[in-house]
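2 protein chains.
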Amino acid sequence: AAPRARAPKKPASAPAPGAEPALDGRVRAVVDAVLPSIDAGRFAAKALVGVPFEVTAHVFADGHDVVRAMLCWWNDNGGDTDGAATEAPLQAVEMTALGNDVWHAALVPAAPGRLRYRVLAWVDHFRSWRTELQRRVDADDIRLAALAGAALADQAAVRALAGPSPADADAGALRAWAEALHRRAAPAGGADIDIDAVKALALDGRIAAAADRHPDRHLQARSEPLPLVVDRARAGFSAWYELFPRSAGDTPGRHGTFRDVIARLPYIAAMGFDVLYLPPIHPIGRAKRKGRNNALAAEADDVGSPWAIGASEGGHTEILPALGTADDLRALVAAAREHGLELALDIAFQCAPDHPWVAQHPAWFRRRPDGSVQYAENPPKKYQDIYPFDFETDDWRALWAALKGVFDHWIGQGVAIFRVDNPHTKAFPFWAWCIDAIKREHAGVLFLAEAFTRPKVMHRLAKLGFSQSYTYFTWRRSKQELTEYFTELYATPGRDYFRPNVWPNTPDILNDQLHAAPRPVFMTRLLLAATLSPNYGIYGPAFELMERTPRNPGSEEYLDSEKYQLRHWSLDAPDTLAGFIAQVNQARHAHAALQGGAELRFFPTDNDALLAYGRRSADGASAVIGVVNLDPRLTQSGWVDVDAAWLGLGDAPTFEVDDLLSGRTFTWRGGGNFVILDPADMPAHLLHARAGAPGMRP
Amino acid sequence: AAPRARAPKKPASAPAPGAEPALDGRVRAVVDAVLPSIDAGRFAAKALVGVPFEVTAHVFADGHDVVRAMLCWWNDNGGDTDGAATEAPLQAVEMTALGNDVWHAALVPAAPGRLRYRVLAWVDHFRSWRTELQRRVDADDIRLAALAGAALADQAAVRALAGPSPADADAGALRAWAEALHRRAAPAGGADIDIDAVKALALDGRIAAAADRHPDRHLQARSEPLPLVVDRARAGFSAWYELFPRSAGDTPGRHGTFRDVIARLPYIAAMGFDVLYLPPIHPIGRAKRKGRNNALAAEADDVGSPWAIGASEGGHTEILPALGTADDLRALVAAAREHGLELALDIAFQCAPDHPWVAQHPAWFRRRPDGSVQYAENPPKKYQDIYPFDFETDDWRALWAALKGVFDHWIGQGVAIFRVDNPHTKAFPFWAWCIDAIKREHAGVLFLAEAFTRPKVMHRLAKLGFSQSYTYFTWRRSKQELTEYFTELYATPGRDYFRPNVWPNTPDILNDQLHAAPRPVFMTRLLLAATLSPNYGIYGPAFELMERTPRNPGSEEYLDSEKYQLRHWSLDAPDTLAGFIAQVNQARHAHAALQGGAELRFFPTDNDALLAYGRRSADGASAVIGVVNLDPRLTQSGWVDVDAAWLGLGDAPTFEVDDLLSGRTFTWRGGGNFVILDPADMPAHLLHARAGAPGMRP
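So the sequences go chain by chain: A and B. If you use our numbering, the first sequence corresponds to residues 654 to 1351, in order. If you use our numbering, the second sequence corresponds to residues 654 to 1351, in order.
Hints are supplied without guarantee of correctness; some may be wrong.
To be verified - Cβ-to-Cβ under 8 angstroms is the rule here; a few derived chain B residues that face chain A: (1) R681; (2) D685; (3) L688; (4) F713; (5) V790; (6) F1081; (7) K1132.
What the hints assert, rightly or not - Beta-carbon label-pair distances, calculated as ranges: (8) A1298(B) <-> D1048(A): 49 to 59 angstroms; (9) G752(A) <-> Q1166(B): 19 to 29 angstroms; (10) G858(A) <-> L1287(B): 55 to 65 angstroms; (11) E1094(A) <-> H871(B): 28 to 38 angstroms.
Just so you know, the hints here were simulated from the structure itself, not pulled from any lab data. Remember, predicted model here, so these are calculated numbers, not experimental data. Every residue gets a Cβ at the ideal spot worked out from N, C-alpha and C, and that includes glycine.
So that you can see chain A by itself, here it is in the shape it has in the complex (with noise of 0.2 angstroms):
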């Protein structure tokens, strides 16, 4: 189907102008605020398969009698129609009042997919009967009661038989429930009451919770659904490596395979990353490629930026023939399953000079006056070698269609995860058109946004689809910085739809404290990223070999980086940092408190040195402490106080932690424990709370 803009979503339900129903007046309860909210509904929330989904709401009708609520959601069908307003919903929990009028429940996502959730809320005539009879001291109003009780529960027994499966025994219960109400409450004959007897049948609690299973729903409220994106599991937590497919050869001088990728797997698999993310794999153009350190004319045996996408061979959609060739492709998706590992691959929409497309659809880019094609420019700088797309073509739905063509390729290649190279410089209705299309094909799919952009632009990125989301983490450093961000990034709204990926290194980011820095600043940022965020990866293996010298002074790049040239890399280095980087992904992979769901709070430190942090489950059952030296050099110490309840370690005066990284055993308590730090023996301490531990919640 030739691509539309996507509308702006209204909840389908919505009435048709010219078409609003004359609703039923006498709805009392309402259903407000409902949480997670995108924008009203407008953009999906986030959610990951197999983790509670929270919703809050207000619900509260006019009075004083007693409402209850349900969370209710549907398969979202992706129509036009609202399945919500008539459908059996797929799951259905009834809500709990918190107070203030804010009513809770969760749902556990199954499979990834859209769906839309919505909060149903009526007047429940049966409690309220229930709730005022249980204050009444009056003989004759007891008495009235009872036989207003009896009534209600001969109704709830006619919609207990009624509908698809109907409840035999609890219209029988009832019934019967009701006709010795009432023999008791009026007598034959006009016997006399014992009015105590009438009180106590009346509040006979089995009857109270068959009567709750059949209520009376006619009345009821309806909040407008909201939709909702279920995302597999590894949206939510996972260790990204990148690589450069060129260098991975054996030979130094030799340009590497995918074959050569495929050799290098166990050693990735080892260090327990999850997803193997390569640059671009295309034809690399050959008009204005860049040589060495992005020098303007390249050497007749430079290899080009993977970013320069298109020459005589083919663009998106061909690989570079030095790389292999399709069949290797999947062979090397193949062989990383194996290991545990996912390929992603970058998308990048711009096209070198010679891509077949400035050719074949001259209407796709802007034209300078003087008839030549406009290249990417931000002036005085000049990209002469990049055609950006321009989004205001007149053959706009041609464009659209041939880019999510791209990634519709590849994903019949076996891959399921993209990386997508500066998405804020395409047109944002580009995206969530072709993010929504390709995952209500292939509901699997993820995509990571690299848009080191402004805060606005990276959040409307995130609601319009993208999986995950790259940060500001690399230059974040202190601890009031850290601090800043990170409470900032698991803080609502932007947690229902942003999931951070944080980086301590790319192949465009050498960031100044790298810079001839010494190991522990490359240990404590691959462990702040590790475990402050579900998701976070590593430009390798330059950053296990602690590459660390920059073209230039105070320059971000990476002298005779990889972007430009082949690299050959001895991994067996002597300080290589695979080793702990195993550690700490082990460590990830064994504690729920540190994978996707899991919630962050910091901890106060005496020392602005130290950063000390929690995280816990999303169902609270697991539980790490992180205490991080931030100082390279010097030993460090202080007093850190943690909130024990809030990591679910009970109010026991005591508990026993184990330091994932050092194997120690240390007795730490809420307030007032002792940290030293040496940055040459372990910059920090990684303490798990054992289960079993004393105080620790079972």
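With chain A's structure known, arrange chain B on it following the hints.
Relative to chain A, chain B alone:
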């Protein structure tokens, strides 16, 4: 027309289900987070005639192009079609960027009524072109850019001449400039180019301004229209005086009348009040009538509670004969207006057992199993003299029409302000429909919600349309309580729809801080109400005469309450607060900082008995400082810091302030003002920074 429940209000431009339009995918600008927005446009924000209505939005586009944005609004015709989509706006103003992609504009409503507002934004090619040109250094680039700019100007000239009022001058200037630019950048015969002259001409500021006036908006993004209710100024600035007309007579024991109230008007007007509010004026039920001090049985001469509405003489549209006739009421309305006072009536939707509707409309009331009408109760308490309406009745349309008819009747008598009794015990959909229907017919009618209930319920009523709301002020006494509560009341999103009306006392609430309280307590409670909130009221003459005896110790009921009996008040009591109240109301009328739309900020003091705060008008031109000694018995002193910049007092080291209570003048500064307040003298300062005082904004 028969009432219908109001459907959840969708922005009228919502595409109909099944009719999702193929939007233009080339729209690159984004408008997000338009504020104020009450539940994403489900409810209307509130504004005041003459007070700037401030709107912010997130506006941006992909890439680096320059965006522009407009705030526009339209009359809301009440139909289901979206005038805002196609018609020319009533007003439009260009927004300005505040940084971080947040944009701002304000519009000043000219008349009461319903509006819709939305933000429009577009990628501005002329501005983008000019911004890039400013940074260009390469001669060839400048030459090509000049040619591109000339083409853009020619297009702008075409737009200048299109539409209903062609801008000939702009079109001429743009064309002439385009021609000159072309001539200089591409001279005939290949003559030499003066590139600096080309750039200087290209950057002509007057041409940029002309191009700005005729932007290319064909790929414009539009936010969904949001509803706004504009009220007359009184909705945002009012001092209420509540009085029982039956106690307004000059002779003890004689039932007061509307004519007696007319005689009382000069007294009330002299105190500076704006609204005179009367408890229900209808026939009072005789069945189950309550006696003095809420006695279960009334004596023969007991007058009953005005809230027990309806008797053989009639119900909600009749006047208690003892008060006078409809002519007398209209005379009172007119006489009040001559004294600068507006009459407000109390609407209490409940019936005495002998209300005519009980017999005429049995379906509007619930029955008990013995066939009797269900009276109000909150077990074990019973209110046999009050029959609530059953809002779940099948006859709800007739009930709704009759209740709206009550308002319509009194509007017909010249009343335009209603204080609604316990609206939270009536179905919410009724209020949404009723208030909207009335305000569409009479935009100036105002409703005050008397709902002393849970926060979410009170906020719901305000969202549904109530113009003002009672608050918890009566129970907020300490510096911390007052600071927290008023900070909350002035915070978004509440302040966009919830207008507090604060009362130191009501006939139902003699808070225990007033029990046997000394005069300074009454003074400070009055002053706090009148200067912390633009809307406030008192129940008099009980308040100014310092009536302070509860029915029982700890009760909030007055002894010998006017709710159940006639009272005679000695208005000339020597210690009356009438003079003080007049002084405070005079200050309110004289200074915009105490009026509608004004802001509030609390200031630090080093003494918890001293509460200090600033008010400033919406336009920043008027500022007032309050300092209140909350200790009614002891002299208190301390240091007060004020935020002089926020108050608009500039950065002069000192400024002169006039005390509007004592008439004295002081020299103040930002930090470190010594204050000493003897409650026996005057328990507060109310300081006005004189216009023309050093540092005062002109």
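Let me make sure I understand: some of the numbered hints might not hold for this structure. Which ones are they, in numerical order? Violated hints (numbers, rising): 3 and 7; every other hint is consistent with the structure.
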